[in-house]
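All chains, full assembly: derive it from the sequences and hints.
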Amino acid sequence: FSLYVILHSSTTTGSASPVPNSYESVEGGGYSGTSLQASLRHLHPYSQPFPSLSELSSALGGLGGVSELEAETLRPVNLLQERNILPPKHAPPPEPNLSNDLRKVNCSPDTFRCTLTNIPQTQALLNKARLPLGLLLHPFRDLTQLPVITSNTIVRCRSCRTYINPFVSFLDQRRWKCNLCYRVNDVPDEFMYNPVTRSYGEPHKRPEVQNSTVEFIASSDYMLRPPQPAVYLFVLDVSHNAVESGYLNVFCQSLLDNLEKLPGDTRTRIGFVTFDSTVHFYNLQEGLSQPQMLLVSDIDDVFIPTHDNLLVNLKESKELVKDLLNALPGMFTHTRETQSALGPALQAAYKLMCPTGGRVSVFQTQLPTLGAGLLQSREDPNLRSSTKNVQHLGPATDFYKKLALDCSGQQIGVDLFLLSSQYSDLASLACVSKYSAGSVFYYPSFHHVHNTAQSQKFQKDLQRYLTRKIGFEAVMRIRCTKGLSIHTFHGNFFVRSTDLLSLANVNPDSGFAVQMSIEESLADTSLACFQAALLYTSSKGKRRIRVHTLCLPVVSQLSEVFAGADIQAITCLLANMAIDRSISSSLSDARDALVNAVVDCLTAYRANGSNIQPSGLITPAALRLFPLYVLALLKQKALRTGTSTRLDERVFSMCELKSQPLLQIMRMAHPDLYRIDNMTEQAALHLNDSVIPQPPLLQLTAEKLTREGAFLMDCGSVMFLWVGKCCNETFIRDVLGYPNYASLPSNMTEIPELQTMYSERTRAFISWLLESRTFHPAFHVIKDDTSAKTSFFQHLVEDRTESAFSYYEFLLHIQQQMSK
Amino acid sequence: MAFTFAAFCYMLALLLTAALIFFAIWHIIAFDELKTDYKNPIDQCNTLNPTVDRVKKIKRVRLALKLVLPEYLIHVFFCVMFLCATEWLTLGLNMPLLAYHIWRYMSRPVMSGPGLYDPTTIMNADILAYCQKEGWCKLAFYLLSFFYYLYGMIYVLVSS
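Protein chains in written order, with full-length UniProt numbering: chain A, 1 to 820; chain B, 1 to 160.
Some hints could be false.
Below, computed lysine-lysine pairings styled on DSS-like, alpha-carbon distance capped at 30 angstroms [said to hold, decoys possible]:
#1 A:Lys783 - A:Lys725
#2 B:Lys133 - A:Lys402
#3 A:Lys128 - B:Lys133
#4 B:Lys133 - A:Lys482
#5 A:Lys725 - A:Lys704
#6 B:Lys35 - A:Lys482
#7 A:Lys704 - A:Lys820
#8 A:Lys351 - A:Lys542
Reference excerpt, derived from the structure (chain A facing chain B, CB under 7 angstroms, subset only) [stated by the list, open to error]:
#9 Pro395
#10 Asp398
#11 His487
#12 Thr488
#13 Val495
Everything labelled a hint here was simulated from the structure, so no lab data went into it. Here a beta-carbon is modelled for each residue, glycine too, at the ideal position from N, C-alpha and C.
This is the structure in structure tokens:
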């Protein structure tokens, strides 16, 4: 450790506010002047100038035959002395320590990721490590390459019903051994023939056994009823408030533009229901000259006015649908209705969709005030910044939950778009989507004129929402090797049995998480496998099964468990657990539990290493970002206290953390910060004739910002471009299109397309960032002296605020807790 | 042998405890079936059949609701009876269970109808395990109190 002290002598160790300029000079901009730690890492860990490192590694106890990869991830890092722990580029997810051929066929980490890539052998070993064991899944992700198996027989294990996968073992040519329950099964005759290579007798070369992500075409054994057509129902709020906000125009225009691209086939059906204090249906029968509106005012006992023609075939009634969408915004411009009967409208929607199932999209702009499911305003604005417990995080009534369960039983998924500017009790309303496998979208303070940023985001989100792939009447089952069992599920679905999840709709943008425990010792196996199988009906009416299989090694040493820890997956799983705890018990309990998770884990690590200096906060390299990520979670809107947070925004942040895929959650919790006014072509990517610069990631602290620069912060659903007061004018002119800083408007929401080199480079970088994302973020250009800069600065998690620790103080707090 | 009010109370309590034992057994069976649903592998159609399974499960949850309230009410009834019969020792032994019932009912999830179990959270392994343990403990308690009331009844009949 003397090594580290010498190299850091220019900094004041142990102080909370180091001198800014020294870091900038070390930083230097561009790839070369990156952190000292990175440069140390480039040298071989066992090379001569660093003898102490190998001594330390052996001092960690029992690491005789450790591989180089493991030695790197176990390298002890003293967090109190390392200032630059963030690597300049996102580290790839840890690779499990498997043989090369297994590694090649293993499931992609974007689809299936485990918190510990080395599974402990026993529950006792897992408890010693004090890390949660769980899986993060994104099973219906958009894939560019998906092998589809068209054979008639789907080979499955006879006892546990696992699908055949790359990790089974073939005993001889005619028998195979299941890798989850170890039963020996026979290979059916049809399986012996390989249609891809046209050869016989090589079952292990078949595509099911060569790929860990496959899609089977399901036969009629897998269907309870003929596959349903795509049925879409739109339930729209048309009260005075809704018309004022102007969302109807945006929605109707968007749907008109995307009507052809709605996923489906010739059987696709569509319908509309509008509501204010009464419920309105639209007869769109083919042959009518214009759509006919039917009004039901008895909201205590809503009934369906006509049996058919409310949900019509899209192809046949397309003209009528277009007429309705063109007329709809105008029909309600002079409405004086201020009440909203959401509950009855949802009951009507349920009755309409009962026979077929499908998707219901609900657009709501205020608190429902009439009929069943009416809600009261529960938020007290004075308690928004309270440091004590936050109340009303759970639903006020179980009307929406019961409705969601009924919908789930009839294969109806309900998606909620909340576009309100005042408190609308999202905690109760979101239940209707949570248990029916729908998604929740929230646009606070939506207004088509006063808030164009939200309006644009709504339009772009609608485009993705209407055209994305969808699966109907789906169920998902997650199986694990004998000895492991799943005990808690996180995400939007209904848990129908101990491992069967019922998803009325499945979409490519939702992620799920599960927690596991080790019931029996895994000592006699060396590999643990997990399989997620999703059975769904595609929008074209075909029944498919998408199967993902993940294989991980089993280890018996505590150090190996630490070496394989995947810190991003651990953070996401802890976020899910914290949210469950804050709803079932209290927010402060959840926050304490998060801090204790870090303290316990680091204490466990220290207790197992020997002869390491007791001073300083030592973590293995694999876990060095753990305190930083937990601090970022504690400062998230969902879990923060002391800063004014509206209740609906807090609840929405909780819903996002529980239903988004891992990469999106990490961007939300710990945004990426780049300096973009001085990007160079050094180490740039060359893709498709464009040069994409790769500026390094910066730590989220105001130290890294400078008045002379412009910085881009990528928070997942929103992006900020912060321009410093003295930013060089070439940048402002060439990229933003304004002559100088003073002339920049305060509400710029996009970068103009200019023909300058700077502009092209910046736009190439930003489009590269957006490429892997499905929902485009809202974009804000922020000047340093506007009030909007607080939304930028609240994401700088390493800085101190009046109610929360800075990163260094948090480390000291952890150290203090550890010594108790 | 005098047939006092206390003897009558004990006799009634004996019969009602038999009913409570029956409820406890029903409770255990319901949760065990919920838990072992997934251990039914071979029959493909059944495991993929949503309607039957789901109705069964929700029905079982409704059964639980139906048997929770009667159990609590019966227990409260004979606590009141023992109060009237001034059998303090028996009342004292039943007090903890009464307090537990009241606590359990107060801290139930938000629901419009009466009931304790929420179908969306009941499949969580910790909640399921807790409910099963609760079932076994209650069975043991009711069985012991059955024999205690039997003894109490005979004692009261003989000693007056």
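These are the hints, each one checked on the structure:
1. A:Lys783 - A:Lys725: 7 angstroms, holds
2. B:Lys133 - A:Lys402: Holds - the C-alpha atoms of Lys402 of chain A and Lys133 of chain B are around 27 angstroms apart, at most 30 angstroms.
3. A:Lys128 - B:Lys133: Satisfied, since the Cα-Cα distance of roughly 26 angstroms is no more than 30 angstroms.
4. B:Lys133 - A:Lys482: Given pair Lys133 of chain B, Lys482 of chain A holds - Cα atoms ~24 angstroms apart, limit 30 angstroms.
5. A:Lys725 - A:Lys704: 15 angstroms, holds
6. B:Lys35 - A:Lys482: Distance ~17 angstroms between Lys35 of chain B and Lys482 of chain A Cα, so the pair holds.
7. A:Lys704 - A:Lys820: 34 angstroms, violated
8. A:Lys351 - A:Lys542: 25 angstroms, holds
9. Pro395: 6 angstroms, holds
10. Asp398: 5 angstroms, holds
11. His487: 3 angstroms, holds
12. Thr488: With a minimum Cβ separation of about 6 angstroms from chain B (threshold 7 angstroms), the hint on Thr488 of chain A holds.
13. Val495: The hint holds - Val495 of chain A has a Cβ within 7 angstroms of chain B, the shortest such distance being about 4 angstroms.
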